[in-house]
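Undergrad: Here is how the chains run, residue by residue.
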Amino acid sequence: MQYKDYYKIMGLSRNSTQDEVKRAYRKLARKYHPDVSKEKDAEAKFKELGEAYEVLQDPEKRAAYDKLGTKWKAGEDFRPPPNWDEGFEFKGGGFTGGDAGAFSDFFEQLFGRAGSRPTDRGPHGFHVRGQDSHAKIYIDLEDSIHGSTRNISLSTPEMDVQGYVKVKHRSLNIKIPKGIKPGQHIRLAGQGDPGSGGGKAGDLLLEIAFNSHPLYRVSETDIYLELPVTPWEAALGAKIKVPTPEGSVDLKIPPNSRQGSKLRLKGRGLPAKTQGDFFVVLQIALPPANTERAKAVYQKMQQELDFNPRLSLGVKSL
Amino acid sequence: MNSHDLLPVHTGTVIEDDSLTLEQLCHACGVHADWVISLVEESIIEPEGDDIHLWRFSGTCLVRVRSALRLQHDLGVNLAGIALALDLMEELENLRTQLKIMGHD
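So the sequences go chain by chain: A and B.
Under the working numbering, think of the first position of the first sequence as 261, with each following residue one higher.
Under the working numbering, think of the first position of the second sequence as 207, with each following residue one higher.
Excised from the complex, chain A in its bound form (with noise of 0.2 Å):
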């Protein structure tokens, strides 16, 4: 098991005063809140965050925590001393109600597990339905499409009998229904946390997001593909075979098409109940001027094209 600094980890230091606890506790939790944070691990460190404060903010845990001494380090192997406790009644209660299962072995091996307590559970001797459960799975473009099955598998903090918080893994095979759109969500009747006193289980409800795709972008139920173009080709019109999810297709473009212009095939986008478009972005890509005819070409256009793309500046060009 392993030492943890909880003072390191909230970036104080031992003489702070509960106010200053408290405040840097509202500062990280900001920044690292998983719903506000695009950090790395974010979540995680919202995590040892919630734990640090748990003991930190309360005068007794950290009162506890202080007589284990200064001379540990972050990461060492740690065993608490004989009677390191005495004294001292936190067990089993005046937990803030934190995300308490996920505390670290070491915090449960100071302050004993904050899981156990069955009266969480809703009263004794009634029928109550368990709790639906979230999770977010990632399909490919693809699997909306066509329609899949896909193998997700679910971790859940469960309780044993005893009380301890056990987190449970399970795989799950999911039908993924054509047309199903980012944001959406799937209800899986009775695979949610288990009821008690014979009450039924609750549901899963898992949120669909999609991978990102090397060709495409999904944006609601809207296909986007950036199409790369020569500038003839944006010119003068062309037809063009453009890949879409289900197969190519041949696609018109009008002649004097822009940068970035947006062509619409209808009806091509996620196979929803309202269907989705497919839209093409025009990317002009310009050939280089590697070999002495490609020069010539551009200086061709130099010389008879009277084009001047910073007319708008207010410069005047050479």
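Among the clues, some could well be false.
PhoX-like, lysine-lysine: derived pairs with alpha carbons at most 20 Å apart [as the list claims (entries may be wrong)]: (1) A/428 / B/306; (2) A/298 / B/306; (3) A/327 / A/300.
If you want a taste of the chain A side facing chain B, the calculated C-beta under 7 Å gives, among others [claimed, not checked]: (4) 391; (5) 392; (6) 393; (7) 413; (8) 447.
No lab work stands behind these hints, which were simulated from the structure alone.
Note that the Cβ used here is the ideal one computed from N, Cα and C, for glycine as well.
Add chain B to chain A, keeping to what the hints say.
TA: Here is chain B on its own, set in the frame of chain A:
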């Protein structure tokens, strides 16, 4: 043969837009109806339907209620703050998607 092939395949139901009742939403998020009503009053979530008995919520509401719950529980944000935070987060998300579509990610 893959070991996954031996497992049964679960077929769920898709939560269509504006199909959740107040009761379903509360149960799904593990919150009281009173709290959800206060979220509606603050315009944090907007159900379809005029009367409370006719209210229907979307999957997006589900995500917003759960985020709201975490913001209140973890950061002590009040309802007005939650509304502001969620709107800004949504705007940020939209902008990020736009950037992706334009290929600047």
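Undergrad: Next step is simple, just say for each hint if it's right about the structure.
TA: Hint-by-hint comparison with the structure:
1. A/428 / B/306: Status violated; Cα separation ~36 Å.
2. A/298 / B/306: 16 Å, holds
3. A/327 / A/300: 34 Å, violated
4. 391: Check passed: Cβ of residue 391 of chain A comes within 5 Å of chain B, closer than 7 Å.
5. 392: 5 Å, holds
6. 393: 9 Å, violated
7. 413: This hint is violated: residue 413 of chain A lies away from chain B, its Cβ roughly 10 Å from the closest one there, beyond 7 Å.
8. 447: 5 Å, holds
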